[in-house]
Amino acid sequence: MKATVMSLVCLALLAGSPLRNGYEVGDNATDFKLKNVDGRMVSLSDYKAAKGFILIFDCNTCPYSKAYNSRIIALNKKYSSQGFPVIAINANDPDVSPGDSFVNMVSEAKKKEYDFPYLVDKTQEIARTYGATNTPHVFVLNKDGGTLKVAYIGTIDDNARDASAVTRKYVEDAVDALLSGKPVPTLKTKAIGCGIKWRNS
Amino acid sequence: MAQTAQLVKLEKLETLIHAKNDHIQVINFWATWCAPCVKEMPLFEKLNLERKDVKVVLVSMDMDLDPDAQKIEKFIARKGIHSSVIILNERNPNLWINKIDKNWSGALPATLVINGMNGKRMFVERELHEGELEKLIEEVK
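Residue numbers (the numbering used here), protein chains in the order written: chain A, 925 to 1125; chain B, 13 to 153.
Isolated chain A (complex conformation) (with noise of 0.2 Å):
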């Protein structure tokens, strides 16, 4: 019996990532309490004001989140004043990836003078529910009476190399969208990243 139990487990692995469900744009989206880089607890519901955000599961260590941190920061200089915040989260477990540990997150924030929560999600159950699979995976959620709907799933930009070079802004075309009461021109896109550090088990 525990063989036929652990030979399950090996091909549900075998199967690819075993959580590989959470959401898809239009789905209901869930609040969260976590801790921040200022040692508080942040939730969504936190922010009375806010008329959606731009959730952004990301890193300090993998490239890619290096590539588009300016652009992050910049997001958010943009768009929280216009009622889209920026919330970042990072789930990587620090064990796999030691540059991820909350003390480095502290002073990574610091040192890019973010102005936004940058939050640890410890149990990695966030970004399993949300579906996040690489640094940085943008959720963009938009209040829709007394919920949050998720309403763009994907990467910033399509150029991660050259900022100067972006063709199509896929996060802010989103929120413009969902400011101006438009439909979101494009709903999900995927790009090559980081893969999320998840804890061993």
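Among these hints, one or two may not hold up.
[Claimed, not checked] No farther apart than 27 Å at their CA atoms in a straight line, the calculated lysine-lysine pairs in the DSS-like style are these: (1) Lys51(B) to Lys1046(A); (2) Lys21(B) to Lys1093(A); (3) Lys1112(A) to Lys114(B).
[To be verified] The calculated label-pair distances, taken between Cβ atoms and stated as ranges, are: (4) His94(B) to Ser1088(A): 24 to 32 Å; (5) Met129(B) to Asp1039(A): 51 to 59 Å; (6) Lys132(B) to Thr1053(A): 30 to 38 Å; (7) Asn104(B) to Gly1007(A): 28 to 36 Å; (8) Lys132(B) to Asp1039(A): 29 to 37 Å.
Calculated directly from the structure, the hints in this document are not laboratory data. Ideal placement from N, C-alpha and C gives every residue a C-beta, glycine not left out.
On the provided structure of chain A, position chain B as indicated by the hints.
Then chain B, alone, in the frame of chain A:
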């Protein structure tokens, strides 16, 4: 003797993926900056040396972030890689990730195991460990 890496477009990679032949292909998507990719690389090298019925192709995705192909060549020389290495030279991954595998988010590492005789395939998006490649190969037989 380390291989030299050829720059390829998506079309070439798709031809490789859909080829009908008499062997099993193990196609690994990696990048020099990706720590888990580098960590699992010896498993692919071992497979390439030991299994004559399996062809290993390591596809570098480095160009998406950094156009310096020499850096990849230096890496494979330094590591003494024997498996065949190609460098995908394409931009805007959103347009082609699904053509490689619709289950792929784009995160690295990722591995595709394809049986060129019956078309069966397995796709895994995570770091592989000792013994797992052999199991994936059995799955497509």
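Does the structure break any of the earlier hints, and which numbers would those be? Result: hints 4 and 8 break, sorted rising.
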